[in-house]
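S.K.: Heads up: the sequence lines are chains A and B, in that order. Residue numbers are given in our numbering: position 380 of the first sequence equals residue 410, and the series is strictly consecutive. Residue numbers are given in our numbering: position 115 of the second sequence equals residue 1502, and the series is strictly consecutive.
Since the hints were made in silico from the structure, they are not lab data. Please note: incorrect hints may appear among the correct ones.
Subject to a maximum C-alpha distance of 20 Å in a straight line, what follows is the list of computed EDC-like cross-link-like pairs (lysine to aspartate or glutamate) [as the list claims (entries may be wrong)]:
(1) B:Lys1431 to A:Asp447
(2) A:Lys102 to A:Glu247
(3) A:Lys232 to B:Glu1482
(4) A:Lys152 to B:Glu1435
(5) A:Lys448 to A:Glu437
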Amino acid sequence: MRSCAKILLKRLSPLVIVFLFLTLSLGVALAKDYGDALVTGSIGDARNLIPMLASDSASAEISGMVFNGLIKYDKDINLVGDLAENWEIKEEGLVIIFHLRKNVSWQDGEQFSAKDVEFTFKKMIDPNTKTPYSGDFERVKSLEVINDYTIKITYKEPFAPGLSSWGMPIIPKHLLEKENLDNTGFSRRPIGTGPYKFKKWKTQEKIELVSNRDYFEHRPYIDRYIYRIIPDQSTLFLELQVQGLDSTGLSPLQFIRQTDTAFFQKYYQKYRLPSFGYTYLGYNLKNPKFSDKRVRQALCYAVDRDEIIRIVLLGLGSVSTGPFALQSWAYNQKVKPFPYEPEKAKALLKEAGWIDKDGDGILEKEGEKFIFTIITNQGNEERIRTAEIIQRRLSAVGIKVKIKVIEWSVFLSEYIDKRNFEAVLLGWSMGREPDNYDIWHSSKTKEGEFNFIGYENAKVDELLIEARRIFDQEKRAEMYHKIHKIIYEEQPYMFLYVPDSLSVLHKRFREVKQEPIGIGYNFIDWWVPRAEQRYKAVIEK
Amino acid sequence: MLTYILRRLLGIIPLLLGITLISFFIIHLAPGKPTTMQEAMNPKVSLEVRERLNKLYGLDKPIHIQYINWLKMLLRFDFGRSISDGRPVTEKILERIPVTLTINILAMFLIFLIAIPLGVFSAVKSGSVFDKITTVFVFIFFAMPTFWLALLAMQFFGIRLGWLPISGIKSLDFEYFSWWKRFLDILWHLALPVAVSAITGLAGISRYMRHNMLEILNQPYITTARAKGLPERTVIYKHGLRNAILPIITILGLSIPGLLGGSVIFESIFALPGIGELFYKAVMMRDYFLIMAEVVLGALLTMIGNLIADIGYAYADPRIRYGK
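Could you build all of it, start to finish, from the sequences and the hints given here?
M.R.: Written out as structure tokens, the structure reads:
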């Protein structure tokens, strides 16, 4: 009996030690270290740090650190409060009431209040403000400041996508009231409410931010955020190899073939996540060749989209089946991609009247051969290669494809805007809000608008309008799922692929988690143990 | 001489007007507007908004009115504001000049320092092994794409050896350095770009120099000098070189506009905030005011460079004197 107990104790002791060790290390982990910097590389410089005036991704990235919106997306891409603690939707979506946080101050010490929101809104809808984003706000009938921390927004009619537009960064009234937004110095040294304060901007070199110790959530652990501008992809990659950068994007080739070295495995962690966007082949539906649904379906059956992903993206992507972001609640996961079945394609084409009568390998109908041209823009190798694979696959079912690669501005003004194309290979990149009325509604076909393929479907039109009027996410999702299904069945686009967004991050950062929205969402919680910190320059308070 | 310079200076004005007129219309011939280039294919930006933006930037007016408006601004030395970020065009150009100018001057200095002796020796020892080797190497470097050589150099000196920084013009903690450390930091960062730029540029000047020298050495007066019994050194360096170097002065004058011309590829690879990148992007974005400012700057510098070359030439060569 005693020996039994002894054995038990002996067996236990390592467990106890492990347990003790765990508690100890947990204790260490609880006390997270402040300090260090994150150095990230971007190919483009920011343009303007007044958020409503800039449409480039670099400006948006910096603005996102310096400013807050009323709401934001959490890790699962759901809207949550940011400067607003919560909100109410009333009168069947006509009215949104935001309750603001009371403990927020601007980085210069001034208190944040509803006045700032009102000011931002007024600037947004001012016809003299050079903002490209006024569209969603012009649907607002009135904005009332009920008290310092309550705002009532009344829409002309219910507009569900409008809610997400309040994620737009709020700018300080007390600093900008007397300024002209076109030439104020604020655009190059902004002051916001966000987790990082603007420190320095050397044009085309770097932008430096320092942590805001009084940030309303908590002080960020990483002291500095340095945004280096390196316009060349190869240089960005070389800088990684001397640890000159902590994070940057990667190309599929770099991700698969060039980052398997011992060095990369030791210092860097790679991240891979579907991007918010897709690449497609759009047909000009006014062209008689493409007016028959069976023909468009046949084209899809004839092209092996997995093959495109395998060759063009080296496998780093997924087949797309519809017009929403792959990880969005609006995406209908039940819609399965058409399989690659050239025989079925041939049968469908035959049914539609396309038959090779003269035996030259090209199908004809009413004396016209099935020959068409795919246009795409210059400078995007992935698209050009995709077009070549489509060309090869379609020739196997008797369709001759020509490819024309055109410079971007000519492409837009002479071909897309003027509907002067047969098929176009392009991509959409999307926001988190799924509303895509502008791309699919039959009214959006004027020159310069986005339904340039001329898609018309009464049911889709109706659903698009209805989905804009309903705030309940489940009900909206149902409608978008229906739209998704109809559009995939009708094949106005051949939906090709969703490329993965690929990035790399230095391993010393702790508490980095990959979630549906990406990895940066909890940046203020990231930290680096003191011993591993690489940038130790003292920051003045 | 003075009236000649004055006449030439006055001649610049109509020339400049002509250049701006033609450039303005050519730039506007290119399809796309700054507003569509920036917001293209963004479904969040509606047609109405883009039209409103065009109006705010005055892009809806007829082109000749736009040109006259621009000229009026130019008369007040106002180059306007960049459409992409709203900053004054002059400010944007001025902040890019130091980097481009420093690199180009240093590189040019190095080129002349190396290429002139190289050319002279090649000519004096024409046909020798030295001549052949330099010819081969100078042309290899000339034929090499700059970006490729730059990447190789970055890989070797920056990663393999770890001696030099790969990109940028300053270290990240530059602001915390003392002044002499800052100076060294910049030199350290400039080493690769200047070296690459100089090496690939050796061919032109050294070939010129070799050719000139060879031609001079065949002149009768050199034979005379030799016949007089002058030492070979004096013949070559005093009588030969002085004449052979004359055309180089012209080249020097003609390189002045080039001093402010940066190369996009070069600046992108080394991540240098130079002027080439600025204008490349301006053209891609159809940032009209910025492009026009560059055109004026380039035209002015070219004309002034030509003038300086002519004056310098007249000064150095007594056979050429104008207006006298």
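S.K.: Indicate, hint by hint, whether the structure satisfies it.
M.R.: Hint check results:
no.: 1; hint: B:Lys1431 to A:Asp447; verdict: holds, 17 Å
no.: 2; hint: A:Lys102 to A:Glu247; verdict: holds, 14 Å
no.: 3; hint: A:Lys232 to B:Glu1482; verdict: holds, 9 Å
no.: 4; hint: A:Lys152 to B:Glu1435; verdict: holds, 18 Å
no.: 5; hint: A:Lys448 to A:Glu437; verdict: holds, 15 Å
Comparing the model with each numbered hint stated earlier shows that all of them hold.
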